Amino acid sequence: MDAPHRPVLVALGSEARALRLIQAGYRLARERSAPWIAVHVETGGHPTEDSEQVQVWLQEAQRLGAEIRVIQAPTLAHGLAELTRRTHAQVLLLGRSRDRWPWARVGHSTANELLRRGLDTFIEVVDERLDHSRTQAFHGSGFGAMVGTLCVLAASSGLAWLVPHEGNLALVLPVYLAAVTFIAHRWGQGLAVLASVLSTLFFSFLLETPRFSRGAAPWPNLLFFLAMLLAAQAVMGLLHRLRQQAREVQRREVHTASLYLLGRALARCHGIDQVGVIAAEHIRRVFKVEACLLFPAQGDWKAAPPPPLDPGLPPPPELLPQLEVGERLGDPLEPLAIGRTYCLSLSGTDRSEGVLQILPRDGAGLPSETWELLKAFAVQIALALERLRWLEEARKAQVENETERMRSTLLGAIGHDLRTPLAAIHGAAGTLLLPSEVSESTRRDLLSMIQDESERLAHLLGDLLDLTRLESGAIHVQKEWQPLEEVVGSALGRLEKRQGPLPLQVDLPETLPLVPLDAALIEQLLVNLLTNAQRHAPGQAMDLRAWEEPGQVVVEVADRGPGIPEGYEERIFDKFFRLPEAGEGGVGLGLAICRAIVQAHGGAIRAENRSGGGSSFRVALPLDGVPPLPPESAEGAS
Amino acid sequence: MSQPLILIIEDEAPLRRFLIPTLSGHHYQVLSAATAHEGLAMARTHNPDLILLDLGLPDLDGMTVLKELRTWSRKPIVILSARVQERDKVQALDQGADDYLAKPFGAAELLARLRVALRHTLQTDMAEPVISGGGLRIDLERRAITVNGQAVKLTALEYRLLEALVRRQGKVATHGQLLAEVWGPGGAGNTHYLRIYMAMLRKKLETDPTRPKHFITEPNVGYRFNLEAPGEG
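Chains as they are written, first to last, in numbering that gives the first Met the number 0: chain A, 0 to 637; chain B, 0 to 232.
Calculated from the structure, these hints are not laboratory results.
All values reported here derive from a predicted model rather than from experimental measurement.
One or more hints might be untrue.
[Claimed, not checked] DSSO-like cross-link-like pairs, simulated, lysine-lysine; straight-line CA separation at most 30 Å: (1) B:Lys152 <-> B:Lys102; (2) B:Lys66 <-> A:Lys496; (3) B:Lys203 <-> A:Lys496; (4) B:Lys203 <-> A:Lys478; (5) A:Lys478 <-> B:Lys74; (6) A:Lys478 <-> B:Lys66; (7) B:Lys102 <-> A:Lys574; (8) B:Lys212 <-> A:Lys496; (9) B:Lys102 <-> A:Lys301; (10) B:Lys66 <-> A:Lys287.
[Unchecked claim] What follows is a set of in silico ranges between Cβ atoms, one per label pair, in the way DEER data are often shown: (11) A:Glu401 <-> B:Gly183: 49 to 55 Å; (12) A:Glu401 <-> B:Gly132: 52 to 58 Å; (13) A:Ala473 <-> B:Asp207: 32 to 38 Å; (14) A:Arg404 <-> B:Thr21: 40 to 46 Å; (15) B:Ala150 <-> A:Pro579: 25 to 31 Å; (16) B:Ala179 <-> A:His425: 46 to 52 Å.
Just so it is clear, CB atoms sit at the ideal spot from N, CA and C, and this is done for glycine as well.
Next comes chain A alone, as it looks inside the complex (with noise of 0.2 Å):
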């Protein structure tokens, strides 16, 4: 295989700094533009805390174009292997390993089995402390820290008795210090307090041995005890404060990061709902308490789903009047506690949102840090709120634009093509009601002309009543399934009988499904665009086509005029839009009720140039819902 081609693998667990992981993952794969593939192996079998973790980091990995695989294996070396030998990868990339044990990491660390196992993959692991609860796991002071404790005092008693040369205490005590200190690292406090009392009783044994009572200085037990707890102490302080900065520097990784996750999901939203939902989810995954929005609704609150808290406690009402003038809720800084639920002023940049409330799951408060972050949290929902309050307001202040302009160019329309017939009416009306001479031939031509006219005028208004009702959904689409043929049929019936026989050619597969529409609004659609073809290339041959595609239905209008000038594809549906070098006839609506028809159905119209010239109009419609049964075949018993 190639070698742009072969993936990146990068190999996820749950700890929080996957995200760098997948970070450099998705940097190494677009420097060689290759594809990656984000993998997770399980290698027991039961779910745990971390795997809805995983699924996160692993969606993030999906959002960064990674390929995402989830696979069963015993070992995550083996699994690993496994897929990279089957996938080509070219690099794989591992944080450093997790294995418990330090001597599992001296000699038996993934990367080094995966290397081990002769893979030809370059394997990189992203340098990643150790998770700090992993390490606090065997901290615990059980049997086996007591056993080692002892034993790790005998040793040190043992070398302490191999002292070379005799009497020298001055070499007894590091020992001892020693032993001290590497019992408080590794098994707390506790213990090491244990190892000075029991050091100064073995060295009070070993000065009672002949070894040192001669010559020594019967040096003071109490002394060495002092010294032995000083030491225990301080290694355990500094330990202390290291586990701590090391916690902090975690706790604020894990905080950025779902800061981070909150933030990117919140802009993807586009409703307020959307919202109660991240931000509920978010809540609960980071901090596992309950969490729902609620919004000031008409002298009540409303809550955005999830549906409101358990114990269904919304602030009370006398709040309402401080959050609609967007006065910040109670002291900002506190939350406010309401029954078992605290609530939380989403306050944004001029007012506030809204109330983020929250339930702990065991009714507990949270600490203060927990808090902090919580905060963060408030103070992204919020933005998010009033981006999508802000865009409502665009928006809104858009459509009204719209209706305004579209509202001017209705009586201009109107103004215009409204006028001219009935002008034409008039006045050929006013002619033949003159006590004057007109010919024959002028008189019908006149009449001729008033019913040309009037029947132009009665489509006008037909094609804006019907787009009016159509925009504003007063026409019920009523979709029955029916065969194509029928619609197509009346469709050129209706402009045959007008205008005499269409050269069209109609090409309709025999296999076509029966597709759910409308047969009026269709068949107005068909009669609209063999009509706007006819326009624009009149006299040329057209083709009428239709063929089946995966869940839908295409029906294809074509010419042969002169196509469509670019960039005018979209435009040409617009209402009252007309081609600038179109000539007569066509007020720029028939392509607008076109796409209004096309979009009552929930399918798409597009318009395009043809190749070898001319003009092509796709309409697709949608085969939804359950086609019926055909008729049984069993006539024969009627």
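Starting from the known structure of chain A, arrange chain B on it as the hints suggest.
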């Protein structure tokens, strides 16, 4: 009855002004009413041969007038409907109206519909057992059908559908009416059956099924069977 009497129930004065001279000029006697109540009273006293009924009357719903008329009269009723009354139109046909004319309509179309509607009253049930025109010849008695001289075989259901359409020759038959007649009361709602069988009939009896001359579709309403090519006549 040399000059059939036609009652126009229509509230729009311009339409009455157009209808009355047009019909009188074509050898019909004409009565007109501007409201539903007036129209119903005139129908009772004069018993016209045909009623032109506008569906949008100011004082009473056109559908109510139709039902009321149908309680005692079997004379043809032709509905005048505006564009926005699509559903009412079908309902009116199912309620016993004979045909409809969508506004705006021309004089030729109006006269053609009136002729068809009146012919049906004059020669009530099946008059001619053999009808022919436009290359199609149907012998209902012997169940023999030819297209351009070629014998065509129809299945039993296709034949029943053809029969139902032919009986209403020139008039519109709604989906509901055809379904009830051909498939029985259980057929209601299976409009797609009807459409499939119509497609089969067209395939067998029309020269170009996409440009039907005999089996005309009235979208969302039903079908109309014409022997001759549908024209202004």
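**Asked** Can you give the numbers of the hints that this structure goes against, from lowest to highest?
**Response** The structure breaks hints 1, 2, 5, 9, 10, 15; every other hint is satisfied.
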